[in-house]
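> Now for the letters of each chain:
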Amino acid sequence: MISTKDLGEELAKISLDLAKRDNATYAELRLVNTRSEAVTVVNENPASEEAGTIGVGIRVLYNNLGWGFADTDELEHESIRETTKKALSLAKGASKLGIKVTRASEPVHVDKWETPVKKDPFRVPTETKYEYLQDTTKRMKENDVVARRGQMTFDYVEKYFANSEGSKIFQTLSYAGVSAIVAAKGPTGVQRRSIQQNTGGGYELVDEMDLPGQALEITKDVLALTRAPTINEGKSDIILSGDQVALQVHESCGHPIELDRVLGYEANFAGRSFLQPDQLGRLQYGSEHVNIVMDATLDHGNGLGTFGYDDEGVKAQRKYAVKNGKFVGYLMSRETAPRVGETRSNGCMRAEYYKLPIIRMTNVSLEPGTWDYDEMIEDTRDGYLMVTNYGWSIDQKRYNFQFNTEKGYRIKNGSIGEMVRGPTYAGITPEFWNSCDAIANKKSWVLWGTPNCGKGQPGQTMITGHGASPSRFRNIRVFGAS
Amino acid sequence: MSQKMEHQPVSLRERAHQIFTTAKSVAGKAEAEIILVSRVDEYLRFGNNELAQSQYSTSRNLSVRVASEKKQGRVTTGTLDNASIEKTVEKAISQARNSPEDPDYLPMPGPQKYRTVDRYSEKTVEAPAELKAGYIGSAIDQAKKNHLLASGVLGTSVEHVMMLNTSGLEASYRGSGGYFSLTMDADNGNQTGFALSTFGDIGELDPNKVSQIALERAKLNKSQADIAPGKFDIVVDPYAWSEMLLFFAVSASTGYSPDLGMRQYKEGRSYLSGRLGEKILGDNISIDDDVYHPNQAGPPFDGEGCQKSKVSLVENGVFRNVVSSRISQHRYGAAATGHELPLPNPLGELPTNLVIRGRGATKTPEELIGELDKGLLITRFWYVRETEPKTKIVTGMTRDGTFLVENGEIKRPVKNLRFNQSLLELFSKVDAVSEPVRNFSEFQQFRILQPGILARDFNFTSVSPF
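In order, the protein sequence lines correspond to chains A and B.
If you're matching positions, the first sequence starts at 5 in the numbering used here and goes up one per residue.
If you're matching positions, the second sequence starts at 814 in the numbering used here and goes up one per residue.
Among the hints, erroneous ones may be present.
What the hints assert, rightly or not - Quick list of simulated restraints, FRET-style, between CB atoms: (1) A:321 to B:1220: 37 to 45 Å; (2) B:842 to A:123: 50 to 58 Å; (3) A:26 to B:960: 32 to 40 Å; (4) A:148 to B:1042: 55 to 63 Å; (5) A:148 to B:1090: 40 to 48 Å.
To be verified - To be clear about the criterion: a stretch of chain B counts as covered by chain A if any three or more of its residues have a C-beta under 8 Å from a C-beta of chain A, and this derived list gives those stretches: (6) 988-1002; (7) 1195-1206.
To be verified - Listed next, the in silico DSS-like pairs over lysine-lysine satisfying Cα-Cα at most 30 Å (straight line): (8) B:900 to A:123; (9) A:239 to B:1228; (10) B:1224 to A:96; (11) A:142 to B:1224; (12) B:1079 to A:96; (13) B:957 to A:100; (14) A:104 to B:958; (15) A:145 to B:883; (16) B:900 to A:9; (17) A:142 to A:330; (18) A:100 to B:1079; (19) A:100 to B:1022; (20) B:958 to A:89; (21) B:1203 to A:145; (22) A:330 to B:1242; (23) B:936 to A:96; (24) B:842 to A:96; (25) A:104 to B:1032; (26) A:122 to B:1022; (27) B:1203 to A:100; (28) A:145 to B:884; (29) B:1032 to A:142; (30) B:900 to A:224; (31) A:123 to A:447; (32) A:239 to B:900; (33) A:116 to A:323; (34) B:1079 to A:123; (35) A:100 to B:1044; (36) B:1224 to B:958; (37) B:958 to A:116; (38) B:1044 to A:239; (39) B:1224 to A:145.
What the hints contain is simulated information worked out from the structure, not anything from laboratory work.
The beta carbon of each residue, even a glycine, is placed where N, CA and C say it ideally should be.
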């Protein structure tokens, strides 16, 4: 059977030659072959599904004015020619309503790249996966617990990319995800506790997360939450758990630094951004403690935004979005980089093969600070610790946000006290990040994963990484979810 | 180009039978089910007055379920040559063999009778990209003339589904549809207007009307006045809801899982568990799940091929029924209503075709505004998420035009507001409704027919800087 790489080379030659003959300014082809598995247990009910897809996405620029994209899962030569013609036809049509495209240059890459995997999940028997999840959900079984759910997912992706400039890149990408959710009913209604992590790599994540080991603790938590008080509305200092900080970074920094939305190409759905180009290097986005990087390299960690090359053949890079609190950089593509005076894209174009690549987050991470976590708690006189997201919402320019969390604790005189349910915080993005006065150090820093970031029309779902450690914010508006 | 599937050498039905013959022979004595889905989508996407992202997509997807001795597995593939199909079925057999027994397992259903639904529009299927580009070009011209930027998408989709199983079931469906979503804005979105139209038949689309609505709102929505948060009477445009109404049927408390199904209700997982017969909404509001409504979309059968029934979930404000399935019939003796998801499904049943309607005569959205003494007109909700499950409190924002209305007239635009509002309370304080329209949200597969409403005491809690 022909390998994905060999098939990619064969199909790319057909498509790129045809595009060249038809005077395309630029063309690229991606052949993507995926295998995935999801195993789930809800209460006593098991479910497992394996899926495989293979297909080609072809993107063409015509006359430097119009883009066209077409995809197919029929891989015969004639289909590839037809799909290339469709992309060309759309590009020619678009060129009548387009403006001149200037693209940042990128070196020609002939390379391969692979996600490091310690334990191949597809070699672990399904029975073993079920035993692990059933062990997890059985440990959650208590009176008043109404839903117990454990899940693991694995993805293996072979991706061949070639473009009309001569780049030929073959990547194998592997991702794993594990989660557990327990819900219980009580006097305060239904409460939820959950654990979730998604990273690059394989079954080693399942071993590291030890869901069965954590099941008893989150079950104890959720039962306590059904009787816990809510919190009063007011202003308070808050410390957010690392996973909550990760989502805060995703929503209030990751999205507004997407340059396509900044330039208005997402105005109808995902929205625009408050971070305009004239603020680059000027706006004090956060306090001096806040450093946020956009880093797709493996040195940053094996995250959902880690790869060798993006989906227009740009090599993975590390750049600052926020340096010492100042806004200094965007997530870019080859087409958008020149619009803010950059000579090179930082490699953020990502999509499934059947979607047109758009600018997506890679690993957008808050760098660790200097605080020991325990010392941060001890240093807090009066406030709340808020743990793990429940609900999240932010306006289309990424200013006004509100997050509620699954559980919290009152902090009094440097000690963690009473548990509270549904603690919620809200604010305006730059004010919030400027109120950050403490970030926990490397010991508490984790590269978290967001497996379901939505953007684009038709809707695209992307996986993104966010490193973060627990952080403290002063004088924030807080209230209870109910 | 059109989206007609003429290039296929055999019909989807013939292809499904060929695949099923292979699947049966590999599955041997085990039960087997196949679902074959073929899609063609064409989207012309534009931004900044440019036709920036045009996309043509074709896909075929085969999903195979194999079951034996109360164990089952599902494997999905996009590769449909014989060797791949055989391998897919072998994997499904292996999945089933290695799975624990499903305590809810039932033998696959036999032949079913289906009510006919007619959701395939030749006009939509044949619509060339040039026609859609013309509609977009006209919107861009309007925007340019008014110093605005047009952004949005005009997309059409065609879907064919075939389902077969070893108990003799055969189900098929084909449908088409699309939407035109348009924003006109300026000043980095500080001036903005939005309009949306959904259609089954592209002939229903009035692109000029969409352009005019977006343009008028953008012209009005400039230099927004400050406003203090608080409780306001509101008119919600029928296309404004975004994903908000989805939370009637999905619960974050159990991990964004489906709700209003019999299994969730009986197990206590539903936010409405134990509340059948209780008044949960206003007298004038009813909610059905009705795939047969002429403006609804999607197949008349569920994830295991059983015919869907119309179910009255809420009748005149009283919570009357949940949707059900063969599993619930077996577990609880409740009549199956055909709302199973593809099996194995540990999450429970889901109503996929909600119709939210008011009692009595409906009004036009303009008439709703005319009846508002003092309050706000919402043209678009945004980023709505559940914060509390018991009363379904959701939070979210307004965007693209929030207007102060006085004595039935739009007076001026105001800044965008955040709300924290119970859905159950909101639909207990509705004074009047418009005719429901088809929803569209990038985030949901739910097909909701949703009305515009005039309602009291909507709870806004903060304001955005723009």
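> Next, verify each hint and record whether it holds.
Hint by hint, here is what the structure shows:
Separated by about 58 Å at the C-beta atoms, residue 321 (chain A) and residue 1220 (chain B) break the suggested range of 37 to 45 Å. With their beta carbons about 35 Å apart, residue 842 (chain B) and residue 123 (chain A) fall outside the hinted range of 50 to 58 Å. Our hint of 32 to 40 Å for residue 26 (chain A) and residue 960 (chain B) holds, since their Cβ atoms are close to 37 Å apart. Taking 55 to 63 Å as the suggested C-beta distance range, the pair residue 148 (chain A) and residue 1042 (chain B) does not conform, at roughly 36 Å.
Under the hint 40 to 48 Å, the C-beta atoms of residue 148 (chain A) and residue 1090 (chain B), about 23 Å apart, miss the expected range. Under a criterion of three residues with beta carbons nearer than 8 Å to beta carbons of chain A, the stated coverage of the segment 988-1002 of chain B is upheld, 6 such residues being counted. Coverage of the segment 1195-1206 of chain B by chain A holds in this model, with 11 residues showing a Cβ closer than 8 Å to a Cβ of that chain against a need of three. Taking the CA atoms of residue 900 (chain B) and residue 123 (chain A), the gap is near 24 Å; set against the 30 Å cutoff, the hint holds.
Only pairs whose Cα atoms come within 30 Å are accepted, and residue 239 (chain A) paired with residue 1228 (chain B) is accepted, the gap being roughly 23 Å. A threshold of 30 Å between alpha carbons decides the hint, and for residue 1224 (chain B) with residue 96 (chain A) the separation of about 45 Å lies outside it, so the pair is violated. A threshold of 30 Å between alpha carbons decides the hint, and for residue 142 (chain A) with residue 1224 (chain B) the separation of about 59 Å lies outside it, so the pair is violated. About 57 Å separates the Cα atoms of residue 1079 (chain B) and residue 96 (chain A), which puts this hinted pair outside 30 Å; it is violated.
For the hint pairing residue 957 (chain B) with residue 100 (chain A), the CA-to-CA distance comes to about 16 Å; that is within 30 Å, so the pair holds. For a cut-off of 30 Å, the pair hint linking residue 104 (chain A) to residue 958 (chain B) stands: about 21 Å separates their Cα positions. A C-alpha spacing of about 23 Å is found between residue 145 (chain A) and residue 883 (chain B), which places the hinted pair at or below 30 Å, so the restraint holds. For the proposed pair residue 900 (chain B) and residue 9 (chain A), the alpha carbon gap of about 21 Å is at most 30 Å, so the pair holds.
Our distance criterion of 30 Å between C-alpha atoms is broken by residue 142 (chain A) and residue 330 (chain A), whose separation comes to about 49 Å. Under the criterion of a C-alpha separation no larger than 30 Å, the hint pairing residue 100 (chain A) with residue 1079 (chain B) is inconsistent with the structure, at around 58 Å. At most 30 Å may separate the alpha-carbon atoms for a hinted pair to count; residue 100 (chain A) and residue 1022 (chain B) meet this at roughly 24 Å. Note on residue 958 (chain B) and residue 89 (chain A): the hinted pairing is violated, with a Cα-Cα distance of about 34 Å set against a maximum of 30 Å.
Pair hint residue 1203 (chain B) plus residue 145 (chain A) holds up; C-alpha atoms about 22 Å apart against a cutoff of 30 Å. With a C-alpha separation of about 47 Å, the suggested pairing of residue 330 (chain A) with residue 1242 (chain B) is violated against the 30 Å cut-off. In summary, the hint linking residue 936 (chain B) to residue 96 (chain A) is supported, as the alpha carbons are separated by about 24 Å, within the 30 Å threshold. Distance restraint check for residue 842 (chain B) and residue 96 (chain A): the Cα-Cα separation of roughly 54 Å exceeds the 30 Å cut-off, and the hinted pair is therefore not satisfied.
Restraint check: the Cα-Cα separation between residue 104 (chain A) and residue 1032 (chain B) comes to about 29 Å, which is no more than 30 Å; the hinted pair holds. Between residue 122 (chain A) and residue 1022 (chain B) the alpha-carbon distance is near 58 Å, which puts this suggested pair outside the 30 Å criterion. Only pairs whose Cα atoms come within 30 Å are accepted, and residue 1203 (chain B) paired with residue 100 (chain A) is rejected, the gap being roughly 53 Å. A threshold of 30 Å between alpha carbons decides the hint, and for residue 145 (chain A) with residue 884 (chain B) the separation of about 23 Å falls inside it, so the pair holds.
A C-alpha spacing of about 59 Å is found between residue 1032 (chain B) and residue 142 (chain A), which places the hinted pair above 30 Å, so the restraint is violated. Taking the CA atoms of residue 900 (chain B) and residue 224 (chain A), the gap is about 44 Å. The hint is violated against a cut of 30 Å. Taken as a hint, the residue 123 (chain A) and residue 447 (chain A) pair is honoured in the structure, with Cα atoms around 25 Å apart against an allowance of 30 Å. Simply put, residue 239 (chain A) and residue 900 (chain B) have alpha-carbon atoms about 60 Å apart, too far for the 30 Å limit, and the pair is violated.
At most 30 Å may separate the alpha-carbon atoms for a hinted pair to count; residue 116 (chain A) and residue 323 (chain A) meet this at roughly 22 Å. With a CA separation close to 40 Å, the supplied pair residue 1079 (chain B) and residue 123 (chain A) exceeds the 30 Å bound. Only pairs whose Cα atoms come within 30 Å are accepted, and residue 100 (chain A) paired with residue 1044 (chain B) is rejected, the gap being roughly 49 Å. For the given pair, residue 1224 (chain B) sits about 25 Å from residue 958 (chain B) by alpha-carbon distance, which is consistent with the 30 Å threshold.
Among the hinted pairs, residue 958 (chain B) with residue 116 (chain A) is inconsistent with the structure: their alpha-carbon atoms are about 50 Å apart, more than 30 Å. Among the hinted pairs, residue 1044 (chain B) with residue 239 (chain A) is consistent with the structure: their alpha-carbon atoms are about 22 Å apart, no more than 30 Å. The straight-line distance between the Cα atoms of residue 1224 (chain B) and residue 145 (chain A) is roughly 57 Å, outside the 30 Å bound, and the hint therefore fails.
When the structure is compared with the earlier hints, violations turn up for hints 1, 2, 4, 5, 10, 11, 12, 17, 18, 20, 22, 24, 26, 27, 29, 30, 32, 34, 35, 37 and 39 and for no others.
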